[in-house]
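Protein chains: 2
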Amino acid sequence: MNKIILELLEDNKLKDLHELLRKSNPVDLAEEISLLDETIMVIVFRLLEKEQAAEVFSYMESDDRNKLVKIFSKSEIVGLIDSMYADDAVDFLADMPANVVTHLLDNTNKEQRQYINHLLQYSEDSVGSIMTVEYVELNKNMNVKQALDKIRRVGIDSETIYTCYVIDKKKCIGIITAKDLILNDPEVKISELMKTDFIYALTSDDREDAANKLSKYGLIVMPVLDNEGFLVGIVTFDDALEVLEDEATEDMQKMAAIVASDKPYLSTSIWEHAKNRIGWLLILMFSATITGTIISRYEHAFEAVPILVSFIPMLMDTGGNCGSQSSTLIIRGLAVNEIKYTDMWRVVWKEFGISLIVSAVLAVANGIRIYIMYKNIALSLVVSFSLIGTVVLSKLVGAILPIGAKQLKLDPAVMASPVITTIVDTISIIIYFYMATTILHI
Amino acid sequence: MNKIILELLEDNKLKDLHELLRKSNPVDLAEEISLLDETIMVIVFRLLEKEQAAEVFSYMESDDRNKLVKIFSKSEIVGLIDSMYADDAVDFLADMPANVVTHLLDNTNKEQRQYINHLLQYSEDSVGSIMTVEYVELNKNMNVKQALDKIRRVGIDSETIYTCYVIDKKKCIGIITAKDLILNDPEVKISELMKTDFIYALTSDDREDAANKLSKYGLIVMPVLDNEGFLVGIVTFDDALEVLEDEATEDMQKMAAIVASDKPYLSTSIWEHAKNRIGWLLILMFSATITGTIISRYEHAFEAVPILVSFIPMLMDTGGNCGSQSSTLIIRGLAVNEIKYTDMWRVVWKEFGISLIVSAVLAVANGIRIYIMYKNIALSLVVSFSLIGTVVLSKLVGAILPIGAKQLKLDPAVMASPVITTIVDTISIIIYFYMATTILHI
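Chains as they are written, first to last, in this note's numbering: chain A, 1132 to 1573; chain B, 1132 to 1573.
Be aware that a few hints might be false.
Which copy? The list can't say, so a pair holds if one copy fits it or any two copies do.
Stated by the list, open to error - Below, computed lysine-lysine pairings styled on DSS-like, alpha-carbon distance capped at 30 Å: (1) Lys1276 <-> Lys1326; (2) Lys1276 <-> Lys1320; (3) Lys1276 <-> Lys1301; (4) Lys1326 <-> Lys1181; (5) Lys1326 <-> Lys1281; (6) Lys1154 <-> Lys1344.
Derived from the structure by calculation, the hints contain no laboratory data.
Let the sequences and hints guide you as you build the complete structure.
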C-alpha cells in the first residue's frame, strides 16, 4: 500500500489517494503512514478526514506522533485533541512537556478539557488512567424504545453502546445490554430489565486487577465507580487486553533484571536501553563477588584437588536453572491469580517434592558420568551430594522469595532468575566445598 | 458464600439455596463449587438450572470437572454436553479418553454432535480449536427490521449477536454490527449497510496470530473462514484474551527451561512438574560440563594464581544476566510483533552499542574494586577486559539466537536465559583464561 500511496502522490492523483485513505482501516493506516518520510507523512495525514485522522493518530507510536506534532500548527493539534477520545488524548498528552499540555488544553473545547483534566488526575497504574469517559447513560423510567432513541442520538462507538448504564441521582443503579434492548418489547421499562448486581471496578483499583477481572468474567466493558458509587467512566476489553499484554511484558523484563518500560524495543535509544539494564547488572555483579570471596577461602581445597574447580560452572548453572524454573512458575501463577499467598506452604511442599525427584535424577546421571571419566567414587559422591543440596535449596528459595515479596507488597517479578541465581550460587558453593573438604578429607 | 452454601444445606433450606445459586455469577459459582467436598459439590451442582449448570461447568478446572463426571450418570453428562457451547464442550471432551468421547457423542443430539465433530478436527494451535460455531447469519436482501427479528429469534449470547454475518451462496460477503442495525431505519437493506471489507482469520491460522490480529484491530469478534471463503465460525475477544494470556505463560515457561503446560501450578502433580523440568536440566547440566572441561585445561593458570578462580562466578553470572536481558526483550518483541526478523541487523547493531556502554561501566566499577582490594593492576585489567568481552558477546548471542530461531521456524522462547547462559559461560571462561595467561604471563 505504501508504494501505491507514493505513486498516487507522485502523479498528483490526490482525489484517488483521498478515496484510498478513506476506505483503509485506521490501524493499518497508522502503520503505513509511520513508514513514510516525515514530509510525505504530513501530506498524507492532512488528506485524512477529521475523525479518521484522530483515530489514526491515536494508533501511532509516540515517536511518529512527535514527528507530526513538530510540523503541525497549534490549531491543527488542538483540532486533533478535540476529535480524539478523551483517554487517547490523555495518552498522547502524557508524552508532552507539562507547559505544552497546559497551553494546548487552554485551546481545546470546554467539555473535552474537563474530561481530559479529570483523567489526568489518576495515577498511571490505576483504572482511572485507562478508562473511557464516553458512554451511554439511561434513566430507569425510560422504556426500551426511549432507550434505543437515546442510543441513536448519542451514538459513540460500537463497543461502548453495547452496555448502557442506568443512572439515578448520579449513582449507577444498574446496567443493561444492547442485547436486552433488542430482544425486548419497546414498551418494557428499563427498570424491569436492568441488572442491579453487576461487576465493576473502582477508580483507585490497580489497572492490572481490573483487567484481570474483566478477563475473568469475559466482559466487553465494565463500569468504573468512584468511592461514592458515582459512575465516572468505563473500561473496555481492548484497553484491558493492552494492559494484560503490557503487564506480561513488564513482568518478563523485571524477571530478566531490566527496569520495565512499555516503549517498543526498536524505538528505545541505545542509551535508554543501557540505562534500563545497568542498575541491576551492577548490583548483581557486586553480589556475585560474595561467592568469589567464599571460593577464595577454600583455596587450599582446590590447590589439593584442582579438578574441583571444573565442577563449579555445572553446579552454579544447575542451581540457577532450578531456581528460575520454580520462581518463574510461581511469579506467573501469582500474576494471573492462580496462586495466592495463602497457598505458600502448599507451594513450598510441592517444590520440595519436585526438587527431591529432580535432584535424584541429576545426581545419579552426573555421578555416573564423573565415575566413568575419573574413576573416583569419592569425587563422584561430592559432586552428586552437592547437586542434591543445591537443587533442593534453589527450588525452595525460588518458591519462597516471590511469595514472600508479594506478602511484603513488593513486586514478585523482581525475585526471578538473576536474583535467585546470585543467592543460590553462594549457597551451592558453600555446600560444595563443605562436602569436598569433608568427604575428601582435605 | 461458601459458608452460606454449607449452612443452607445443613438446615436443608434447598429452596433458598436454589435461589442464591440462581442469582450468582457463573464464574464465581465455578470457583465456589470447586472449594467444596466432592459429595457436596455434586449436590450443589445438581441444584443448578440446566443452562447455568452448563455454563458453570465450562468455567471449572478440568480436575474439578473430572470429580463431578466420575459421579454423574451418563445421561447427566450427555445433557451437560448438549447445553454447552460447542467450543466449551470440545474443551471438556479433549481431556477425556477417546473411547469415552465416542460413547458420549453417540448420545448427544445430532446438531451438537456435528458441531463438536467439526471442531475436534482442528489442531490445538489453530484458530479452529478456539472458534465458536454459534453466530447469527443474515441474508443481504433482508432489511434492518427483518434482521433484528432474526436476531430476536436465534438469540444466543450477547457478544455473538453484536456482529452478524451476511451469507450468500454459503460465502460470507459482509458483516454488519448491532450498532448499524440500531442506528438505521427499519426499511434499509442489509446490503446497503454491510461492510464488505472486513478483518477475518482462516481456520488453519495459528491461534496466537489470530488473537494478535483481533487485539491489534480492537475487535470484539472476528469471522473464521475456510480456504474457500465459507464462514465456519467466529473467534470472540474473551477466547482471544485467554490465548494471549496462555501464550505469554507458555513463553515464560519455555524461557525458564520448562516444558510448557497450560495446567495451573497447584493442580499439576509433583511428578508432572518434575517431568516438565528434568529434560532441559539434564541437557543444560551436561552442556555446562564443557565449561568445566575448559577450566580443567587451565589448571596451571589457577595453580599459579589461585585468586583467578574467585572471579569465575562473577563473570559467569554477569554474562548470563546480560545475555538474558537481551534475549528476553527480543523474544517478547518477536511474540508481540514489535520486532520482525527483517529487523535482525538493526537489533544486533543496537545490542552491540548497548553492550559497549554497559560493559564499560561494569568494567570500570569492577576494575576499581579489584585494584582497591588487591592492589594489583594486572589482575584488575584481566578481569575488566574479560568482562567487556563477555558482556559484548553475551548481548550479541542473546540477540542473534532468538531471531535466528524464528527464521528457522523454531520457537524463539527456547533461546532464553538458560541456553544463552550455558553458551556464554563457555565463551567467557575461554576469554578469561586467555586474558589471564597473556596479561599475567602464566
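These are the hints, each one checked on the structure:
Taking the shortest alpha-carbon separations for Lys1276 and Lys1326, both the intra-copy value of 18 Å and the inter-copy value of 26 Å come in at or below 30 Å. With identical chains, the CA atoms of Lys1276 and Lys1320 are at most 30 Å apart both within one copy (9 Å) and between copies (21 Å). Taking CA atoms no more than 30 Å apart as the test, Lys1276 paired with Lys1301 passes inside one copy only; the shortest distance there is 22 Å, against 35 Å between copies. Proximity of Lys1326 and Lys1181 under a CA criterion of 30 Å is satisfied inter-copy only: 21 Å between copies versus 37 Å inside one chain copy.
Proximity of Lys1326 and Lys1281 under a CA criterion of 30 Å is satisfied in both settings, with 19 Å inside one chain copy and 24 Å between copies. Taking the shortest alpha-carbon separations for Lys1154 and Lys1344, only the inter-copy value of 19 Å comes in at or below 30 Å, while the best intra-copy value is 36 Å.
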